[in-house]
Amino acid sequence: MSDDASVVLDGVTVRHHRRPAPLLRDVHLRVAPGEHVLVVGPSGSGKSTLLRVVSGVVPHTVSAELEGTATVAGVPTEEASVVERSRHVGVLAQDPASSVCLPVVEQEVALPLENRAVDAAAIDARVDAALAAVGAGHLRARRTAELSGGEVQRVALAATLAAEPAVLVLDEPTSMLDPAGVAAVRSALDVTLGGRTREDGEPAVLLVEHRLDDLAGDRGLAGLPARTVALSADGHVLADGPTDTVLHELATGLVAAGCWLPLEVELAALTGHRGGLRAPAVADALRAVMAAAPAPAGPPLGAPVLTARGLAVSARAQRPRRRWMRRARDEDARAAVDSALLRDVDLDVRAGEVVAVLGANGTGKSSLLMTLAGLRAPAAGEVRGPRPAMVFQDAEHQLVATSVRAEVAAGLPAGAATDGRVEAALVEHRLEHLADADPHRLSGGELRRLSVAAMLVHDRPCLLVDEPTLGLDRRAVADLVRALRRTAASGRGVVVVSHDLRTVAAVADRVVVLGQGGVVADGPLVDVLRDPGALRRGGLVLPALVRWLLAEGLDGGRVRTVLAALDAPVHTAAAVPA
Amino acid sequence: MSALLAPEDPRASALARRDPVVKLALVLAVSLAVLLVLDPVTPAVLYLLALGGVLVGARVSPRALAVAHVPFVAFALGQLLVNALSRPGTVLAEPGPLRVTADGLEVGTALALRTLLVGVLAIGFVTSTSPVRLMTSLQQNAHLNPRVTYAVLAGYRMLQEMPREWDVLRAAHAVRAPLRRDGTPTRSPRVLLGTVFGLLVVSVRKGERMAQSLEQRGLGLAPRTTWRPSPLTRGDAVLSVLVLGVLGLVLRTSAAAGLLAGPGALS
Chain L
1 MSDDASVVLD
11 GVTVRHHRRP
21 APLLRDVHLR
31 VAPGEHVLVV
41 GPSGSGKSTL
51 LRVVSGVVPH
61 TVSAELEGTA
71 TVAGVPTEEA
81 SVVERSRHVG
91 VLAQDPASSV
101 CLPVVEQEVA
111 LPLENRAVDA
121 AAIDARVDAA
131 LAAVGAGHLR
141 ARRTAELSGG
151 EVQRVALAAT
161 LAAEPAVLVL
171 DEPTSMLDPA
181 GVAAVRSALD
191 VTLGGRTRED
201 GEPAVLLVEH
211 RLDDLAGDRG
221 LAGLPARTVA
231 LSADGHVLAD
241 GPTDTVLHEL
251 ATGLVAAGCW
261 LPLEVELAAL
271 TGHRGGLRAP
281 AVADALRAVM
291 AAAPAPAGPP
301 LGAPVLTARG
311 LAVSARAQRP
321 RRRWMRRARD
331 EDARAAVDSA
341 LLRDVDLDVR
351 AGEVVAVLGA
361 NGTGKSSLLM
371 TLAGLRAPAA
381 GEVRGPRPAM
391 VFQDAEHQLV
401 ATSVRAEVAA
411 GLPAGAATDG
421 RVEAALVEHR
431 LEHLADADPH
441 RLSGGELRRL
451 SVAAMLVHDR
461 PCLLVDEPTL
471 GLDRRAVADL
481 VRALRRTAAS
491 GRGVVVVSHD
501 LRTVAAVADR
511 VVVLGQGGVV
521 ADGPLVDVLR
531 DPGALRRGGL
541 VLPALVRWLL
551 AEGLDGGRVR
561 TVLAALDAPV
571 HTAAAVPA
Chain X
1 MSALLAPEDP
11 RASALARRDP
21 VVKLALVLAV
31 SLAVLLVLDP
41 VTPAVLYLLA
51 LGGVLVGARV
61 SPRALAVAHV
71 PFVAFALGQL
81 LVNALSRPGT
91 VLAEPGPLRV
101 TADGLEVGTA
111 LALRTLLVGV
121 LAIGFVTSTS
131 PVRLMTSLQQ
141 NAHLNPRVTY
151 AVLAGYRMLQ
161 EMPREWDVLR
171 AAHAVRAPLR
181 RDGTPTRSPR
191 VLLGTVFGLL
201 VVSVRKGERM
211 AQSLEQRGLG
221 LAPRTTWRPS
231 PLTRGDAVLS
241 VLVLGVLGLV
251 LRTSAAAGLL
261 AGPGALS
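The listed protein sequences correspond, in order, to chains L and X.
For the first sequence, my numbering gives the first residue as 1, with consecutive numbering after it.
For the second sequence, my numbering gives the first residue as 1, with consecutive numbering after it.
Some hints here could point you the wrong way.
Unchecked claim - Distance condition first, Cα-Cα at most 25 Å in a straight line; then the derived DMTMM-like pairs of lysine to aspartate or glutamate: (1) X:Lys206 to X:Asp182; (2) X:Lys206 to L:Asp394; (3) X:Lys206 to L:Glu65; (4) X:Lys206 to L:Glu146.
Hint data in this document are derived by calculation from the structure and do not stem from the laboratory.
Could you put the whole structure together from the sequences, leaning on the hints where they help?
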């Protein structure tokens, strides 16, 4: 395959038997060896389907009908099963947790090498190189069951890179990663794997990614794949060409459709000027937005709704002890504190504020929330306050009912069904048209709205939210930000765990940074984000826009209103019925 | 439970260094041999020897070993009681409406001790065998298809994850459940059923994705290599000779002493 294209799609149309409309329509695509292609499009436009056609999952594993031909490394799809195709294609799936299959990290990374009959003596070094390439060398001997979400994603990526496939198919490779992890993915895509030169040239890359600014780093558009394919909502190719040109031409439409775009493109759509924050015209236009943005007039903060003192957070759920084992208790308690992820955590959440909890992968953010929610016993210390509500990272975990309406009503005291609060919640979170739908069939954004609505309807004074933006398109994230601000404005306290710092800046009043087994910073949003020491200890890297807004000297409220103004075009589109 | 999971480090204990298929075959051999033994003394001696062997060879802590015994002890007690109370023979005692016979007590004790023997061997096997090495060895020494062995490993990982998924599901449901008077969330059967159903949905989806992922990682391509093969060594031969030798010796001594009883004891 010296001068031949790695991937050739010729008039590819994909139909699913349960849906009337095709998922992809008449797609023509030619990707040369070593070429990097970004695939963008609104949710439901067939981005993932396109990647699955390349990996052969469509039509071999998923029961879908494929018209046209898809040829990878010279072999057409009908002649190559998914397994056969794995000789040439490396896939990182959207949900990394279910792509890691073996009990220990090194075995997972070695598996694709064994399958490709790599000489057993060479495997050790290649496992090391692949793990090092994604910054996960330290995880080599760990059990996969004990890894955090971000760590699992790194391991899955290492396993994909290890085999050095001719075509890399990456579906949101950074969705759960902290900045260090994103940087590792960037350099892994950039340079030859582990510093080795590949004999058969660089891999072709097909990439679907939401966190484009994080992935591009400081290089802006130049840090992204050079070529972009944009898909329309009905699954045909809107444009295919240089990333810069394609994104700028389609910017307004893509923003309105709720796509994530690089900041530079988003600002061009908003201000009419290219060049990003470095361009004076863009900066001036943004300053005009800042000047026009109303100063936020939030209610003064109320009393604490949740207080933690001297809290130690365990990694694992503590089972209640039987009476006959009580003798072992003191010893166990001491061991629990010693092995705790976090120690000496003091935290106050007051009515009317949104507190963001930040920190690197595996620091114990989710475990802290579980402990604050009273769902996990603290290893030491105590949590005081009325019972909080909690929205889980994976919204699907929360589903208990068979319809959206019943889901919102679940757990409410008798009588709640008739007092109209369920209906009001459905309207407020734009779920009324789905009231009788099966919750398991909702889209990611709808499911997130449902999980928030089902918690808020309980009217608890404090709401805890764990990584709510994972996998959501921009419109769904903008919806969520508004919902959380409304919750705070209604006199409740909100704690949100996230590593999406732009969303954090758009939603939070105060920031708590975790690191080194405890709290390393706690203060108003702008104070903490301006403190280089806090950022370093928490492993945080500010997105360019947030950095610029802070450099302009804005206070937290103003930062929020400017970011909300940038979300406005998305909202306008959302108001239009689909 | 986690204390019982085998260490991934193969140097952890003498038994852990031995080939998994050899260990599995020896466990089977001993279990089959005692299938026909129905006197209480022979399995008792074998049980004590196996207990010592597992304590030393697999380096299981006595506490973990005791906890792992619980299901086997429960089953053994059941066997003992049923046989003691239901077999015909010389009546030893008649507590209330019940009747304990000497023959029943003897056969029951033999069966109970046999259960404990098989149990302690199984514990020794499980605690000293890394799942991946077992699968490698099955593939290599028992010629099992890698597609089967890795599917088992993926299933094993799903099992490992299930307690975590279960905890998250239960927590997610508990957040909204009404509270009892003591402040703990109510656990109605409906919510429990919902949690079970949720776990089922999550697991089925996960299973599909893992199967897809194994294919995409190239499982099923031929030829393939094995990174860390599990070759049969002299140590495996020594272990086999030792275990089978001790078994033979105990059986012969027992027979010579007139203690050994076979299925004839049932008549």
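### Message
Of all the hints numbered above, which does this structure not satisfy? Sort the numbers upward.
### Response
Violated hint: only 1; rest satisfied.
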